[in-house]
Structure formats: C-alpha cells, structure tokens
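Let's have the full structure, built from the sequences with the hints guiding it.
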Amino acid sequence: MVHVKEKVELLAPVGSIESLYAAVENGADAVYLGGKMFNARQYASNFDREELKKAVEYAHIKDVKVYVTVNILLSDSEFKEALEYISFLYNIDVDAIIIQDLGLASLVKKLLPDFEIHGSTQMTIINQCGAKFLEEFGFTRVVLGRELSLEEIKYIKDETNIELEGFIHGALCISYSGQCLMSSIIGGRSGNRGRCAQPCRMPYTLVNAETGQIVSQKLDKKFLLSTRDLNTIEDLNRIIKSGIISLKIEGRMKRPEYVAVIVSKYRKALDNLYNKIDRVISKEDKKELLQIFNRKFTRGYILGDFGRDLVAINRPDNRGVYIGRVIDVDKKYIYILLEDSLNVGDGIEITDNKGNKDGIIVNSIFSKGKQVKSCREGEIAKIKRIGNIKKDSKVYKTSDVLLLEKAKKSFTERDKLKKIDIYMEVEIKIGHPIKMFLWDDRGNYVTIVSEERVQEGENIYLTEEKVIKQLSKLGGTHYVLKDINVKLENNSMIPVSVLNKLRRKAIEELNRKRAIINKRIEINEKDVLNKMQDIVEKNKPYVKTNNRLISVSIQSFKQFAKIDLNKLDRVYISYYEGVNESIKEIKKYGKEVYLQTERILTSLDFKTLNRQIRDIGIENIDGISVSNLGTLKYIKDNFDTNIHCDIGINAYNSFTMKFLEEYGVKSVTLSPELKLSQIKNICLNTNLICETIGYGYLPVMISKYCPFSIIKGCLSDKECDRCKFRYGYGLKDRLDKVFRIIRKGKVTTIYNSQPLVVVENLKEIYNSKVDMIRLDFTFEDDIKEIQTMYYEFANDNIDEKNVVEFINKIKKSRGLTKGHYYRGVL
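Heads up: the sequence shown begins at 1 in full-length UniProt numbering, then just goes up one per residue.
No lab work stands behind these hints: they were computed from the structure. Idealized CB from N, CA, C, for every residue including glycine. Treat the hints loosely; a few may be bogus.
Unchecked claim - Label-pair restraints from in silico Cβ distances:
1. Gly728 <-> Glu585: 25 to 35 Å
2. Glu585 <-> Ser716: 18 to 28 Å
3. Glu451 <-> Lys473: 54 to 64 Å
4. Asn580 <-> Asp782: 25 to 35 Å
5. Asn546 <-> Ser716: 44 to 54 Å
6. Gly345 <-> Asn485: 46 to 56 Å
7. Glu451 <-> Lys519: 28 to 38 Å
8. Glu210 <-> Ile807: 16 to 26 Å
9. Ile386 <-> Lys812: 47 to 57 Å
10. Asn356 <-> Glu405: 25 to 35 Å
11. Asp415 <-> Glu284: 30 to 40 Å
12. Glu465 <-> Gly138: 20 to 30 Å
Listed below in structure tokens is the structure:
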C-alpha cells in the first residue's frame with residue numbers, strides 16, 4: 001500500500017443536534033447541516049436559528065468547521081428570505097454555504113463576497129470545464145458528481161485549482177444529482193427542492209415498450225433503480241491521491257448512532273493511513289459498518305463498480321447482518337442456530353426462501369433451558385414465535401443493541417468526549433488582584449484579572465497544590481489542563497470561590513474566542529436586502545413584445561423527415577449521420593438551427609463535441625444548446641456563437657436568468673418544474689428569450705447506470721453502443737405505467753410514461769410572456785400532426801373543436817399530462 005502524506009478533511013452529515021455531537025466527538029473535521037428552510041433534506045430534523053448558533057459555537061470550539069446547505073432551487077419570491085437567512089449564517093460565523101442555485105450564488109458573491117461558497121453535487125459538475133466554471137465564478141469548492149471515476153477526478157484536479165469534495169460512504173442517487181425529475185413528475189415532490197419521494201426505491205419491471213412483454217421474469221417487480229450503499233473505506237488512499245481533499249459521508253436523515261459509527265471507522269482508517277499502518281480497517285470494524293446500516297455495499301462508480309455491483313434489486317432497505325437460520329418452530333417458539341451473537345434488545349428479521357419476512361425487537365431469549373440476556377455463535381437461541389415463520393428461514397440482525405449503546409456513549413458520556421489541551425499561568429501576590437493567563441494550541445490567549453485583592457493570611461494560606469487542584473476542575477468543559485505555572489507569594493490567602501470564578505470566566509472567554517474563526521465584521525441584514533433591491537432596480541428589462549414562436553427538438557434524420565419546416569421558428573438538432581444535409585434544408589427555409597449537445601459530457605467527451613462542431617461548421621448554425629455548466633463554459637470559451645441553455649441548467653428564477661444573460665447566453669428553456677405564475681414573473685424580469693416545453697415525454701431521470709446491465713451481467717459501459725437494449729424498452733411501475741428508456745453512449749435517459757400536452761393552453765402560456773414553446777420529439781410517429789396542431793393554434797388558424805379532438809386522441813392513445821404548469825412542486 002502507498003500511504004498518503006497530506007491530511008484531508010473528513011466531512012460528516014448532521015441532521016440533528018445529537019448527530020452533531022456524534023460527528024464531532026467521533027473525529028469529523030467538518031460537518032454539513034441544514035436549517036429549517038432552503039436545504040435538500042427537508043425531511044431531516046434540521047436546525048432552527050438558535051440551534052444553528054449553538055452548533056457553530058460547539059463545532060468551532062472543537063476545531064470542526066460547519067458548512068450549511070442552501071442547496072435547492074429558489075423561486076423569485078423566496079430570495080428576500082433566503083438572503084436574510086444567509087446574512088444570519090454569515091453573522092454567526094458559518095464557515096461556508098453549499099449552493100445549487102446559480103442566481104443565489106451570483107447574489108451572494110455580489111453582496112457577501114468574502115462568504116465562502118461550495119458548489120452542491122446538485123450542480124452536476126462532472127468535467128473539468130464545469131469545475132473551472134465554478135472556480136471562475138468564485139466558488140471555493142465543488143462537490144463532484146458521484147458518477148466520476150478516479151481517473152476523471154484526477155484529470156479535473158490537474159486542470160483546475162478549485163477544492164474537490166467527493167462522497168465516500170452512504171446512500172447513492174441512481175440519477176445524476178440535479179437532473180432527476182422523477183419524484184417531481186410522479187408526485188409533485190421535487191428533489192431540486194429538497195423533497196424527493198425516492199421513486200428509485202420502488203419496484204419496476206423491464207418490458208418491451210411497444211408490446212408490454214416482460215423482458216425477464218426473474219426481474220419482474222424488482223428494485224431495479226435502487227442503489228446499494230457506497231463504502232470506500234478500503235480504498236481511501238486511492239481516492240485521496242486522485243485529488244479529493246474533502247471526504248464526504250452521506251446521511252443527514254440517519255440516526256446519531258449511525259453518524260457516530262461511520263465517522264469513527266473512517267477516522268480510524270484515515271489515521272491508520274497517516275501513520276503508515278497497512279491494515280486500515282479491522283474485521284470487526286467492517287462488521288460494524290455493515291451492521292449499523294446497509295443496503296449491501298458498492299464501491300461505486302468512483303472505484304469502477306457497475307451494473308449488478310451498483311444496485312440491490314431484491315430490496316431497497318436495510319439488510320442487516322446474517323446471524324443464523326431457523327432449525328425448528330413450534331406453536332410458541334422459534335429455534336435459531338446462531339452463527340453470530342444475539343442479545344436481548346437486538347432487532348432481527350427472519351426471511352424464508354420465498355422472500356416473506358417478519359421482524360421484531362428481541363425481548364427475551366432462552367438457551368439450554370434458561371432465560372438469558374445473550375447467546376453466542378454456535379448456540380441455539382429460543383425466542384417467541386412471530387408471524388408464519390418456517391424452518392430453514394434465514395435470520396438477520398437489523399439492529400445491534402450493544403453497538404448502538406457503544407455508539408451513543410461515544411458522544412454522551414463525559415469520559416468519552418474529546419478534550420482540548422489548554423495551558424495556564426496564574427500570579428497570586430499579596431495586595432494585588434489575581435492575574436490568570438490561559439491559552440490553547442490555536443493561539444488564542446485569555447487574560448483575566450480578579451476584582452478582589454489577595455490578602456495576607458493569618459492561620460490559613462493558599463498552597464500551590466490547592467491552587468492547581470481548584471483550577472484543574474474542568475470536568476464540565478471542553479478542556480483539560482495540560483500544564484500550569486503558579487506564581488504564589490508566601491502567606492497569600494483568597495477564598496476558593498474567587499479562583500473558581502476566575503476559572504469560569506477564563507473558560508467562557510476562551511470559548512468565545514475559539515468559536516469565532518472567520519473574524520468577520522457583522523453585517524446588517526437589512527442592508528443586504530436593500531442592496532439586493534438595488535440590483536433588481538438597476539436591471540429592469542426592456543418591455544417585452546408578444547412573440548408566439550414554436551421550436552422543435554429532434555434526435556434523428558427519421559424525425560427530421562417528418563417535421564414541417566414551414567411551421568416552426570427554430571430547430572434543435574442532435575448530431576447524427578446526415579445532419580449537415582438537414583441543416584442546409586432548415587436554412588433554406590430561413591429558420592434558426594441550434595446544435596443540441598448531450599445532457600451529460602465528461603472531460604473526454606469535449607474532444608468528440610469539438611469534432612462534431614468542426615464537421616458541421618459553426619458558421620452554418622445559429623447557435624448551440626447546452627444542458628450542463630461545463631458545456632456552457634466550453635462553448636463560450638471556444639466558439640463565437642449564440643448559446644441556448646436547456647433544462648439541465650435548471651433556470652428556476654429571474655436571478656439565474658440575469659446571471660446567464662451577463663455570461664452571454666441568448667435564450668433559455670425554463671425549468672419544467674415551474675408553474676405558470678412563476679414563469680410569468682421570470683419572463684417579465686429578463687431580456688433573454690424565454691422558452692418552455694409545450695409537448696414531449698419529459699426526461700425524468702438521467703443516469704450513468706443501465707437497468708439492462710442486470711440482465712446482461714455487464715461489468716462496464718464499454719459495449720453500450722452495440723447493445724440491443726438501447727431503444728424500445730422501458731420500466732413498468734406498480735401502476736402499470738411504462739417509462740421508456742433510451743441508452744445513448746454511456747448515458748441512460750428515462751422518460752415520463754405520458755407526454756406533456758398543453759396545446760389548449762398555448763395562448764395562456766404565451767400571454768405569460770413566454771417567447772417560444774418547444775415540441776420535444778422522441779418516440780412519436782405522428783410528429784407532423786402534433787407540430788401542425790401547435791403551430792396553427794398558436795397562430796389562430798384552427799378552432800378549439802379541432803384541438804379538443806386532438807387532445808382526446810392523444811389521451812386515448814398514450815395519455816397526457818400538463819406537467820407543472822398549473823400545480824408546481826413542493
């Protein structure tokens with residue numbers, strides 16, 4: 001093993017004050033947490049403002065940094081409250097905030113330029129251009145996408161100077177973070193707003209999208225999108241050498257004991273690496289990592305896992321640890337031959353060979369005719385019968401009472417808590433006040449002088465031993481007295497209570513100094529809001545004209561052959577064989593044509609993109625459409641052309657639009673999670689051309705993972721371009737809705753089960769100052785009919801009766817949805 005030389009940050013998840021204590025006391029270097037609003041884990045306990053103050057103070061005293069998540073997309077109406085909240089975080093000395101929203105980030109950099117900001121993994125930074133974009137923006141750090149390999153991370157590190165943070169343990173999203181609309185579209189709970197309902201943890205069946213035929217009976221109603229939990233503890237040295245400087249543990253929704261166990265194991269492993277100990281983790285530590293919570297473990301994309309190694313298709317929840325099997329069952333009891341220990345208070349789950357399961361907390365155990373508190377490996381444990389348990393069923397321990405107790409003690413029992421070394425000098429001289437000097441290893445220095453003067457004793461005198469004893473009483477504090485120097489004049493006398501008071505004052509002052517790390521000048525929150533309003537007033541847009549433009553997005557020559565170039569204003573065209581002829585034809589009709597780039601581009605993909613653009617000729621197109629911040633920067637830096645930002649950029653508010661305008665963008669497709677009233681407000685407050693999607697199967701999930709890798713046993717994505725499952729298949733859910741799948745290159749796109757259709761609402765949408773409505777074509781054969789209906793109705797050339805007939809036809813053949821235009825998201 002090659003050992004690391006430079007120390008890195010161990011970053012722990014904190015969803016409650018108890019989890020904060022667990023993280024800090026078990027060795028975290030930094031923690032990330034959320035307030036009661038504006039964070040991507042709205043279902044965690046989270047922190048109110050008073051708790052946030054206490055959390056920062058406690059963590060800073062213990063030499064731990066605090067990062068607060070403000071990592072959701074914000075609507076225009078939320079900015080005032082969000083900036084007031086961020087000003088509060090600034091004033092209480094939060095070390096950094098984690099942000100997803102471009103508009104919010106731009107305002108923070110303008111209004112609070114010295115407040116450190118980190119780019120959330122929700123920003124989908126997966127290439128060197130994306131990291132460079134954030135670096136130039138003013139971000140200090142980026143949380144990289146979980147899909148990156150060590151080689152890709154190293155390349156980003158070599159090409160940028162921004163700090164890199166990466167996940168090393170915990171739950172994984174199957175989708176690229178920030179690019180998932182599945183929870184939003186299905187149930188109105190948006191992951192981009194911190195309220196993901198986790199539809200990826202539901203069962204699905206792989207089917208032929210046209211016939212509905214099940215592809216594999218073995219995979220019927222399996223959890224095909226449910227990832228295993230990430231565990232990289234045995235490869236930390238490789239991860240660190242890739243350039244990641246902050247190792248992030250996922251788990252703000254987990255209990256404090258989970259945080260304690262995971263943090264302590266990774267702390268130990270890192271310390272072993274630093275100390276050049278080859279065995280970074282023991283067998284017992286591995287077992288405890290598994291026991292505290294697991295959905296089975298994966299090493300993740302970062303270490304090369306793919307397909308079956310990435311997901312756990314049989315169940316989406318905690319597996320526990322196998323401890324034995326049922327060898328007999330009678331009317332009252334179950335008899336278990338143990339292969340591991342079982343204790344009263346443990347949680348167990350018993351599963352038969354058909355997958356039926358029952359679980360209990362064990363409240364009594366019998367062995368060898370006696371009631372006992374525990375049984376060991378090789379013994380037979382008799383417990384009360386539950387459910388319809390059968391012989392030969394497997395027994396799993398889902399919670400270990402002793403492990404939980406040990407974990408809890410690590411952050412609740414006084415003698416287990418971390419103590420900080422401090423040093424003291426005290427001068428006691430007759431006729432003078434006592435002078436106490438206190439300092440720590442961080443350079444904090446405290447001087448306290450007593451109000452009382454030292455008296456000359458008559459019969460009772462202070463001794464050095466007595467002084468040291470009193471001043472060493474630090475049991476209720478964060479400190480331990482490492483060294484003390486007492487300068488005591490003979491025959492001095494003063495009440496012990498004075499020494500105690502001085503000690504308390506000194507500790508309070510040291511706490512205050514240690515709690516303030518960033519040395520900021522307090523700001524007035526109202527001043528920040530006034531400055532924000534000034535920015536708004538200075539950037540009032542021009543009066544917008546009522547455009548009624550139609551754009552069309554196509555992915556193949558077959559689709560191009562079906563569109564009517566007389567009935568559109570702009571075409572977004574993918575790169576395909578024969579694309580140059582298509583572009584020439586579009587230009588003959590005097591229409592705009594934009595090259596549609598891929599939603600996901602890794603660092604190496606830019607070479608391919610460059611070749612495609614050179615082949616087309618930048619002078620032959622009107623612009624390029626981008627869906628990723630890295631692609632945005634790459635196009636801006638390398639080509640003189642118009643730039644359109646697609647839905648992957650997540651334009652959710654007018655402040656994001658303003659930033660994009662300043663960056664040189666000309667038009668934007670607004671987030672499909674916006675409702676019409678929000679869209680109108682954005683359109684009235686921007687000079688950019690505003691586009692919304694008016695027809696199409698919305699992409700609800702973008703993933704590196706391919707569900708068909710489970711069938712084929714793929715260990716990598718090297719053969720994807722030749723796979724028969726690239727097109728024509730889908731995932732059927734519990735309601736028999738089929739979500740079609742396209743695998744293009746090394747990216748899977750899962751589409752909504754029914755198309756977005758708002759043809760009857762076009763006038764209302766246009767009246768909301770939307771300039772352009774887009775028709776996204778993917779699976780349709782009736783492209784020309786759909787396009788004609790939208791174009792003619794937008795131009796008042798068709799009556800509503802025809803529209804109603806068209807809608808009924810669509811509804812009958814494939815169903816439809818109005819998306820979020822009239823409901824919005826939580």
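Structure-based check of all given hints:
1. Gly728 <-> Glu585: 25 to 35 Å: holds (28 Å)
2. Glu585 <-> Ser716: 18 to 28 Å: violated (39 Å)
3. Glu451 <-> Lys473: 54 to 64 Å: The hint (54 to 64 Å, Cβ to Cβ) is violated, given that Glu451 and Lys473 are roughly 21 Å apart.
4. Asn580 <-> Asp782: 25 to 35 Å: holds (27 Å)
5. Asn546 <-> Ser716: 44 to 54 Å: Hint holds: Cβ distance 52 Å, inside 44 to 54 Å.
6. Gly345 <-> Asn485: 46 to 56 Å: holds (50 Å)
7. Glu451 <-> Lys519: 28 to 38 Å: Roughly 30 Å apart at Cβ, these two residues keep to the hinted range, so it holds.
8. Glu210 <-> Ile807: 16 to 26 Å: holds (23 Å)
9. Ile386 <-> Lys812: 47 to 57 Å: Given about 49 Å between the Cβ atoms, the range holds.
10. Asn356 <-> Glu405: 25 to 35 Å: Holds, since Asn356 and Glu405 (Cβ atoms, about 31 Å apart) stay within the stated range.
11. Asp415 <-> Glu284: 30 to 40 Å: For Glu284 against Asp415, whose Cβ atoms are near 22 Å apart, the range 30 to 40 Å is violated.
12. Glu465 <-> Gly138: 20 to 30 Å: violated (57 Å)
In this structure, the hints that do not hold are numbers 2, 3, 11, 12, in rising order.
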